[in-house]
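Asker: Read top to bottom, the protein sequences are chains L and Z. My numbering numbers the first residue of the first sequence as 5 and each following residue consecutively. My numbering numbers the first residue of the second sequence as 44 and each following residue consecutively.
In short, the hints are calculated from the structure, not lab data. Certain hints may be false.
Cβ-Cβ distance ranges computed for the label pairs, FRET-style [what the hints assert, rightly or not]:
{"id": "1", "chain 1": "Z", "residue 1": "Gly112", "chain 2": "L", "residue 2": "Glu64", "range": "49 to 59 Å"}
{"id": "2", "chain 1": "L", "residue 1": "Met5", "chain 2": "Z", "residue 2": "Gln281", "range": "38 to 48 Å"}
{"id": "3", "chain 1": "L", "residue 1": "Lys68", "chain 2": "Z", "residue 2": "Lys87", "range": "46 to 56 Å"}
{"id": "4", "chain 1": "Z", "residue 1": "Asp225", "chain 2": "L", "residue 2": "Glu76", "range": "44 to 54 Å"}
A short, non-exhaustive set of chain L residues, derived as facing chain Z with CB atoms under 7 Å [claimed, not checked]:
{"id": "5", "residue": "Val10"}
{"id": "6", "residue": "Ala38"}
{"id": "7", "residue": "Gly39"}
{"id": "8", "residue": "Asp40"}
{"id": "9", "residue": "Phe42"}
{"id": "10", "residue": "Tyr44"}
{"id": "11", "residue": "Glu46"}
{"id": "12", "residue": "Val74"}
{"id": "13", "residue": "Ile82"}
{"id": "14", "residue": "Ala86"}
Note that the structure is predicted; figures quoted are calculated from it, not measured. Here a beta-carbon is modelled for each residue, glycine too, at the ideal position from N, C-alpha and C.
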Amino acid sequence: MQSKSVYKVPNGKLLKIILDYNEKNNFINSVRIAGDFFAYPEESIEFIENELKNALLEREALLKKIRHFVKEHKIQFIGLNAEGLTEGILMCKA
Amino acid sequence: MKEQWRLLQTGFNTASTNMAIDRAVLVANSEGKVPPTVRFYAWKPPAISIGYFQSLAEEIDLDACKTHGVDYVRRITGGGAVFHESELTYSIVIPESHSQIPKNVLESYGRICGAVMKGLSNLGIESKYAPINDIIAYGKKISGNAQTRKARTVLQHGTVLTDVDVDKMFLLLKVPNEKIKDKLIADVKQRVTSVRNILEKDLPFEKIAQAMKAGFEEEFNIELVEGELTEAEIALTQKFEKECFGAKDWNHRR
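Can you build the whole structure from these sequences, using the hints too?
Answerer: What follows is the structure, encoded as structure tokens:
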């Protein structure tokens, strides 16, 4: 199913997520990460969206995956962080 | 002798041309073909630019833009949607390794905003940097800024609001919740100001540009020398306008 969230990251920017996920097995089909934050390099957001395909829609698993990816690819967020991104995605869950 | 940087005064252009010029200068500077460059410009027709990560359909009422003759474009920088009508827009392009540019992205925002603040001060407006990317005067936002770094080169562009029409802006922008639109408009009116609001008079664009030029020269201890886009930059501008900023694929990609 598809759902949306709007989440103001604490001390950060407004994050808007569009999530498509499988309700039965709780896996992500696709995620679109939008908002007025900054990320360096900018293209990294598309890589994160790809990385999260087929990921389990569960807090610890998502946070670990995002943190690992951000560290590995030396991504710098401004107005966003791994915790905020995880929260925004989870807010889409019914 | 002071280091000389290039000053471009490109006047009014369409949204796609404006964003294509900034990107062309970024490429030319990253290839060592042009010096650090400060540019002042404006938008005709008026336009909304959205941040790289924003969803066009969620941020902009495209029908309203058409009705009001307002253009739109996606930037290569992050940040939020901006209605460009009555403002001076600046951009600065400079190697990441330049001694005047802090390596830390947030610190470099502050440094470049320092030049804009000195420019405002030259107009008699005292202001301060409000992290992440705003400048405020008398408690209200007067400038928004956005930075990208590509090919070890910094591009930061931003606005200096000369006047502000919040009601018109909200005709063009979508809000997440229509029910609270009136409150949002009232809030933004309380939070945004302009050169005109503060000085209670209109200043010609040239005068604001002159003050900003002096502001950049003071902040970075350099001399800005008026120049033109190179032929290669003009060719790159046309390429980026056609393939990127004027293309549906780019503007509607999110």
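Asker: Take the hints in turn and mark each one as holding or not.
Answerer: The hints, checked one at a time:
1. Z:Gly112 / L:Glu64: 49 to 59 Å: holds, 51 Å
2. L:Met5 / Z:Gln281: 38 to 48 Å: holds, 45 Å
3. L:Lys68 / Z:Lys87: 46 to 56 Å: About 50 Å separates the Cβ atoms of lysine 68 of chain L and lysine 87 of chain Z, which means 46 to 56 Å holds.
4. Z:Asp225 / L:Glu76: 44 to 54 Å: holds, 46 Å
5. Val10: This hint holds: valine 10 of chain L lies near chain Z, its Cβ roughly 5 Å from the closest one there, short of 7 Å.
6. Ala38: This interface hint holds because 4 Å falls under the 7 Å limit.
7. Gly39: holds, 6 Å
8. Asp40: The hint holds - aspartate 40 of chain L has a Cβ within 7 Å of chain Z, the shortest such distance being about 4 Å.
9. Phe42: holds, 4 Å
10. Tyr44: Where the cut-off is 7 Å and the nearest Cβ of chain Z is about 6 Å from tyrosine 44 of chain L, the hint holds.
11. Glu46: holds, 5 Å
12. Val74: At about 15 Å, which exceeds the 7 Å cut-off, the nearest Cβ of chain Z leaves the hint on valine 74 of chain L violated.
13. Ile82: Holds - the Cβ of isoleucine 82 of chain L comes within 7 Å of chain Z, reaching about 6 Å at its closest.
14. Ala86: For alanine 86 of chain L, the interface hint is violated, since the closest Cβ of chain Z sits about 16 Å away, which is over 7 Å.
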